[in-house]
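Working from the sequences, and respecting the hints, build out all of it.
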Amino acid sequence: MALDTNARAAATAAAPETLLASPDMPTQAQIVDEIAGRHAELAKEAKGGAELPATTLDFAAYRSSILRHPTKGAYIVDPETIELHSPAYGERDVAAIESDLTAHHSGEPLGERITVEGTIRDSRGKALPSQLVEIWQANSAGRYIHQRDRHPAPLDPHFTGAGRAITDSEGRYRFTTIKPGPYPWKNHRNAWRPAHIHFSVFGRAFTQRLVTQMYFPGDPLFALDPIYNTIRLQEDRDRLVAAYDHDSSKPEFSMAYRFDIVVDGPDATWFDHGGEA
Amino acid sequence: MAAKLRPTPGQTVGPFFAFGLQYDGMREAAHPYSPGAVMLSGRVLDGAGAPVPDALVEIFGADADGSVPTARGALQRDERGFTGFGRAPTDDEGRFYFWTREPGATAGAAPFFATVVFARGLPRHLHTRIYVPVDDAALAADPLLARLDERERATLVATRTDDGNLVHDIHLQGERETVFLGY
Numbered sequence: 055m056a057l058d059t060n061a062r063a064a065a066t067a068a069a070p071e072t073l074l075a076s077p078d079m080p081t082q083a084q085i086v087d088e089i090a091g092r093h094a095e096l097a098k099e100a101k102g103g104a105e106l107p108a109t110t111l112d113f114a115a116y117r118s119s120i121l122r123h124p125t126k127g128a129y130i131v132d133p134e135t136i137e138l139h140s141p142a143y144g145e146r147d148v149a150a151i152e153s154d155l156t157a158h159h160s161g162e163p164l165g166e167r168i169t170v171e172g173t174i175r176d177s178r179g180k181a182l183p184s185q186l187v188e189i190w191q192a193n194s195a196g197r198y199i200h201q202r203d204r205h206p207a208p209l210d211p212h213f214t215g216a217g218r219a220i221t222d223s224e225g226r227y228r229f230t231t232i233k234p235g236p237y238p239w240k241n242h243r244n245a246w247r248p249a250h251i252h253f254s255v256f257g258r259a260f261t262q263r264l265v266t267q268m269y270f271p272g273d274p275l276f277a278l279d280p281i282y283n284t285i286r287l288q289e290d291r292d293r294l295v296a297a298y299d300h301d302s303s304k305p306e307f308s309m310a311y312r313f314d315i316v317v318d319g320p321d322a323t324w325f326d327h328g329g330e331a
Numbered sequence: 007m008a009a010k011l012r013p014t015p016g017q018t019v020g021p022f023f024a025f026g027l028q029y030d031g032m033r034e035a036a037h038p039y040s041p042g043a044v045m046l047s048g049r050v051l052d053g054a055g056a057p058v059p060d061a062l063v064e065i066f067g068a069d070a071d072g073s074v075p076t077a078r079g080a081l082q083r084d085e086r087g088f089t090g091f092g093r094a095p096t097d098d099e100g101r102f103y104f105w106t107r108e109p110g111a112t113a114g115a116a117p118f119f120a121t122v123v124f125a126r127g128l129p130r131h132l133h134t135r136i137y138v139p140v141d142d143a144a145l146a147a148d149p150l151l152a153r154l155d156e157r158e159r160a161t162l163v164a165t166r167t168d169d170g171n172l173v174h175d176i177h178l179q180g181e182r183e184t185v186f187l188g189y
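Respectively, the protein sequence lines represent chains B and H.
Okay, so the first sequence: first residue is 55 according to this note's numbering, each after it adds one.
Okay, so the second sequence: first residue is 7 according to this note's numbering, each after it adds one.
Check the hints yourself; a few may be wrong.
DSSO-like, lysine-lysine: derived pairs with alpha carbons at most 27 Å apart [said to hold, decoys possible]:
(1) B/98 <-> B/126
(2) B/126 <-> B/233
(3) H/10 <-> B/240
(4) B/101 <-> B/126
(5) H/10 <-> B/180
(6) H/10 <-> B/101
Hints in this document: simulated from the structure, not taken from any laboratory.
Have a look at this one:
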């Protein structure tokens, strides 16, 4: 790379919202082609014996990844001391009302009231209690409350869209919220993100840290979305789609979705560092 | 033993994470006025050397005696204890900072902050380490650093400033690309 990185870094940064649009604004058809082409390349590499991560860092159809993904591949290391532990949370860290995103203001938000619940497990199937779960999302019109979001859809004075919960003794969490709307972005012309809720969890070792997105079943935008498709295998993409759970829906009140999360673990060196304090 | 469950794949943190992930005192693993507190700061830069203004850096570090903090309440900061965990979104110049304690060494390894980087444009998070610039012998004996060449090692070891604080830039890509880790 010929660029003088120090000189560039010293320059004053552009306002972040100006960075949100891709430089070339390709068509949706071109993005779909690029997704298919990249998936085919990755399938070939996997067939050739390459061990590929579930999420592809080098995925140019997601334009803002081009200059932001590492090119050198991860060094595989044995996790040491601090990496085998996780920041400690307990029930006192989060108030119960933080898991009800419809109750954070003086009135009811607009939109389709839903519950999202699930269990957090490690890859051996062990449920993880006392886990901090953080979520954030757009409102029912697809607008984020973030000051840089310029999408001309209405803000909802009764909805912020951020929530927290701590998993119970059986690793379960539960949120009440509003179904988010699809969100327009500037990766390409007429680009829309499938409706999604961002999730952040820690696991029991810092190596298990996970931030991901939960989607809703049957979304027609899946095939068009480069972010969802940074995950190369359909079976892994399916893991991010919540299941509609009719038995947990409340009559005349809310529709229910189930989203179980499995955090990865350093398997060989796994040890138990204590349960609930 | 049950079959290994397939992990949930990661996705980008996106551009608008701040309102979902911020909390009071998130940059202060230790209170700035507490004994032994140091500032760890730096920038997140892209492959063209431009600042990344929508990244999020998290650190988790041992206490000064090398012990792992296990006190609950990492989210409800009370300005006294030490939880070891800090979270810092970058500003418009790509800068982040934390107040924390310098982790003490553990047997056979140089002390470091376990570090995770998230950003818009980063399809999933990255793990790395920020090593404390202790003496060269201790760094050379570290199992990971010993495997790296000089360029790579430099991307993982913080610099001590004249006022005793720590500075460390994270390069997502490019000639000075940070060494990222898998487990």
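Okay, the hints, checked on the actual structure:
1. B/98 <-> B/126: 20 Å, holds
2. B/126 <-> B/233: Violated, at roughly 39 Å.
3. H/10 <-> B/240: Outside the cut-off at roughly 39 Å; violated.
4. B/101 <-> B/126: 21 Å, holds
5. H/10 <-> B/180: 10 Å, holds
6. H/10 <-> B/101: Between residue 10 of chain H and residue 101 of chain B the Cα gap is close to 22 Å, so the pair holds against 27 Å.
This entry does not satisfy hints 2, 3, going by the numbered hints stated previously.
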